[in-house]
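Fit chain S to the given chain B structure using the hints.
What follows is each chain in one-letter form.
There are 2 protein chains.
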Amino acid sequence: MHSMTELDDYLRENRERFEADLCELLRISSISADTQYRDDVLLAAKWVANQFRLLGFETETIEGSGHPIVYAESPQVENAPTVLIYGHYDVQPPDPLEEWVTPPFEPTQRDGNIYARGATDDKGQMLTHVKSAQAWVQTAGSLPLNLKYVIEGEEEIGSTSLQKFLAEHPQKLKSDVAVVSDTCQFARGKPAITYGLRGIAYFELRLTGPQQDLHSGTFGGCLTNPANAMCMMLSGLMDEDGKILIPGFYEDVIPLSDSEREQFDGLPFDEAAFAERLGIDRLHGERGFSTLEHRWARPTFDINGLWSGYQGEGAKTVIPARATVKFSFRLVPDQDPKKIGAALESRLTELCPPGIRLELIDLHGAPGIVVPLDSPYVAAAAKAIECGFGRPPVFIREGGSIPIVTTFRETLGIDTLLLGWGLDDDNTHGPNEKFSLTDFHRGIKASAYLWQELSKIEIGA
Amino acid sequence: MHSMTELDDYLRENRERFEADLCELLRISSISADTQYRDDVLLAAKWVANQFRLLGFETETIEGSGHPIVYAESPQVENAPTVLIYGHYDVQPPDPLEEWVTPPFEPTQRDGNIYARGATDDKGQMLTHVKSAQAWVQTAGSLPLNLKYVIEGEEEIGSTSLQKFLAEHPQKLKSDVAVVSDTCQFARGKPAITYGLRGIAYFELRLTGPQQDLHSGTFGGCLTNPANAMCMMLSGLMDEDGKILIPGFYEDVIPLSDSEREQFDGLPFDEAAFAERLGIDRLHGERGFSTLEHRWARPTFDINGLWSGYQGEGAKTVIPARATVKFSFRLVPDQDPKKIGAALESRLTELCPPGIRLELIDLHGAPGIVVPLDSPYVAAAAKAIECGFGRPPVFIREGGSIPIVTTFRETLGIDTLLLGWGLDDDNTHGPNEKFSLTDFHRGIKASAYLWQELSKIEIGA
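Quick note, the sequences are listed as chains B and S, same order. Per our numbering, residue 1 is the first one in the first sequence, and the count goes up by one each step. Per our numbering, residue 1 is the first one in the second sequence, and the count goes up by one each step.
The following block holds chain B by itself, in its conformation from the complex (with noise of 0.2 Å):
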């Protein structure tokens, strides 16, 4: 067995130079869902892809209709097993800009964190897994087990194509496991495994009323106001105590065990501190639920941007032509986003106004998730990580979605090991999004630990 001192040596001698890289991949303003930032989502792929040409990987970038995904395999050891890392490198619109301490493609130290769009998601996270692999290959010359990397650019915008890619090539992805980084720790200093996560149901819904702005003076009180009306339907969809108003919303949804509900509210969490952090006097979730349930294991409905009529300065007297909303569910298993979509559809026809036309249009969707805990590779994570952060990790559900994790289960039959490296306040799609450099050097140690802990694992058993 390689001898880990010459690796930690060789990780702690490299810091400066894996921040450097990191830096550099941040640069790239490589935005998903804006097709004028299309050549630098390109951009990121092939500086991605060079990191396995550097290290001896057999290299691919997979172009198709959408932004390319980079397949990359380590050298074959036979009896071994095979660990599929899934990454991506692309990252959500960094609006605001205004809010930004430092601007979001100028990746900036502050505090012993790196502030960038994509600091934490995901590119920080991401390349943990390969800087532990680079490790590896430059102080022992291989791996001690199959690595097959699969880093895409559109997992802010719905991974179509990389779900193509999956259902097309099951066989050359064929895996015992799958490794994701793309979630938080517990706290800061506890970190975590996650074996769940929460689906989710986007959609866009655009109300049109008269053919163009009206004089709200000359026609106001006799037609349907397409923003009074998207109000009085979304307020429709939801009480105030929480709970949605989808006939059949909450029929799949598989209640929280007592043990896992004890396990939650044996978690260290402070309310208080909790909302101060976010700015806010007080939290307020669906009844019954305590804050925990509700941010991880139960479903919600946000409106995530909306806009109608006159934003300008002062006053001006128009009904507005128009309204749009973006709004989602998170779900929770067994949910299934099209059978929740179909159930709002009937449900926003129910509540539509006279004189108003509606469309409803299905953005993304993907059901929540559930890994068991009793496996050998989560006890392999749990020894990695206590080498890694100095502790061994607490077992968590996450409020977020991560809709490949379903399709590793339903196409290639496999668990995947949410090991997440960030911290809950690293503004992942806000302004000034950040992730804490020890954190990353912690990430890389476990990464190249989980290496040696998996390839313990005796396959095909």
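Where hints are given, some of them may not hold.
Heads up, the list lumps identical chains together, so a pair's fine if it works in one copy or across two of them.
In silico DSS-like links for lysine-lysine, alpha-carbon gap of 30 Å or less [as the list claims (entries may be wrong)]: (1) Lys338 x Lys174; (2) Lys338 x Lys316; (3) Lys46 x Lys339; (4) Lys316 x Lys46; (5) Lys243 x Lys316; (6) Lys316 x Lys164; (7) Lys339 x Lys316.
Since the hints were made in silico from the structure, they are not lab data.
Relative to chain B, chain S alone:
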């Protein structure tokens, strides 16, 4: 008493001269909103002032910080009523230019109409009251009553200078009644006296939740989303039947009298054609009232603009930190905008969910107004319109607000006769503004007879 036959002849013989004068004024691009056109605005003021000087009226061009007010007085006639005539020589910007069939400042005759920016609003309508005075001066040597003209150049940008002038010189403007032609006939060939205007109370509501946008997966479910809150709060202001849900909102509404409702019902109004023109399949308003009642005589609640969160392409899974909405109520007599504002604030405070801070900004307000129909001034105007248009006027209300009418009531204690010669398809504020030349001449004649009819009223009674 002066022979009206001679005056009728003068009007008939001078039609071309009047049209040539109108075109001269329409050629001046007096766009008050655009500082680039400052000289043209000034030129229009000089042109108007010159019209009065040619009639031997005492004329002033009052210059302040904004565009000048042209003020003129006809020679004094003892024991005769004094009429204040209001109009404006400024015009709206002509954009979008590419949609004009002929250029906005090259008046062109087509199908009996004159096409130009300002044709109806308000150069053409205003000029009818100048040309009618000219007819009197040229045929009778003088007017049978006292005319005070106040023609401003800031109507399209808020009348700041005029409001100041009125507040500072109420004695100078002392009159028995005001006349304004800046509205519409009820329909082609259906002249109208507008005896009621709605008021307005316009607000901006800003809701703040978390201190910045949050990931809707990580945080969704445990805090109030400001965009959700906004929809819920706004939908709590009006029910499905169009009834406004603010305690005391209807308290001061003077109900429509049976005779008013009957009179509105008697007006020929094609609901289906009207809906088609707006591009909607169905009109919809407060239960229990007709479409004309909805537009003219009932209060409304309309969202004028709103925005929150992500408005770009595709999906962004964010809980917005803020949500903002501009909305307004059209008011009817005797609703008080200040009282409505206070009641609104309590209602919104009551509707505001946990974890949301609200800020309500009062952008502007003005009460509605109704002119009594049983006054001798209204009777005189009705007679004059019958002489000018060949049929008696209908009595209508209008849904918009003309703030100067409220100011005349409050500052000078006088009512206003709103005598509209325009048509509601004249494209005021839009491309291809027009004015019917037939109605231009009818308006001049009605105005000439108005001076005759008003001069018969005994004042100081």
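Hints versus structure:
no. : hint            : result
1   : Lys338 x Lys174 : within (28 Å within a copy, 71 Å between copies)
2   : Lys338 x Lys316 : between (40 Å within a copy, 19 Å between copies)
3   : Lys46 x Lys339  : neither (38 Å within a copy, 64 Å between copies)
4   : Lys316 x Lys46  : between (49 Å within a copy, 25 Å between copies)
5   : Lys243 x Lys316 : between (35 Å within a copy, 23 Å between copies)
6   : Lys316 x Lys164 : between (48 Å within a copy, 22 Å between copies)
7   : Lys339 x Lys316 : between (41 Å within a copy, 22 Å between copies)
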